[in-house]
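*Asks:* Each number in this note's numbering comes from the position in the sequence shown (counting from 1) with 202 added on.
Hints were generated in silico from the structure; no laboratory data involved.
Hints may contain errors.
What the hints assert, rightly or not - Quick list of in silico lysine-lysine cross-link-like pairs, DSS-like style, CA-CA up to 25 Å:
id	residue 1	residue 2
1	Lys461	Lys293
2	Lys266	Lys459
3	Lys459	Lys293
4	Lys247	Lys309
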Amino acid sequence: MKKILAMAAAAATIATAMPAMAADLVFSSWGGTTQDAQKIAWAEKFTEKTGINVLQDGPTDYGKLKAMVEAGSVTWDVVDVEGDYAAQAGKNGLLEKLDFSVIDKTKLDPRFVTDYSVGSFYYSFVIGCNKDAVDACPKSWADLFDIEKFPGKRAFYKWSAPGVIEAALLADGVPADKLYPLDLDRAFKKLDTIKPEIIWWTGGAQSQQLLASAEAPFGSLWNGRMTALAQSGINVETSWEQNITAADSLVVPKGAKNKEAAMQFIALATSPQAQADLAKATGYAPINLDSPKVMDPELAKTLPDAQTATQVNADMNYWAENRDAIGERWYAWQAE
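With the sequences and hints as input, model every part of the structure.
*Replies:* Written out as structure tokens, the structure is:
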């Protein structure tokens, strides 16, 4: 018995002398190829640097995030969310303020930085077309809304978010600098003209499938998905005319258990090389302004930040203020 007690005491002494291991950090994103790329470009590098394991979860669910915070039982530490949601959630007390003594925001694109969020990556809604399935590809939003000149189904993002309403207004002749506040009556009237021809996609993989199969031979897609289709050998064409930019953001839910590690993770994820690595893997643009310096110049030419001539920036603050009201009308219209 004395021997057993002695062994237990020794084990306790050793355990006390050993440094405490940091808890696993949990990162939630949208799944698919983008989260796979985030895991390689960010999570694995973070673990190598800090020894903190990063567990992957998802897909991101705003209702779940809100419920976690309100219940005081937050299991996510860093979450990839849409930029307009980040702006709204920060104002509504669902997010921790970011620690900019850890996260260097001086080189981050200021369009995508708030007290509660920084950009994850930014992307453009572009006009995509399967060239083998049609006689001609639409070049502009007006073309995409012209069912006589371009007959057939067209793919659009299902959820209430920046992109489709702006495209409808641009197609109807609204100047890019006069988009906001959004004229919803005009936008829905324009959308009515093509509603029977719309196939709604809920995620990037589905949008690729619709275009590749020619079930919808053209449509509005995220630029990175068009890059992936082209790399897969599908004969596609991308029009960047009035490409509409939006961004994903990285946030820390209020009450996250590993807040300090979360700030370190975001610092690494938004560093020049990590952003460049993600851009290379996804075709989405980096939000670190120094990333192009460490990227292949030929790759940089294919990203949204090289397509600024007619680029239209979605107003994240407007969407944050009006997200719920627009969503209510959006889903009611879809159900009609």
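*Asks:* Of the numbered hints stated earlier in the document, which are not met by this structure?
*Replies:* none
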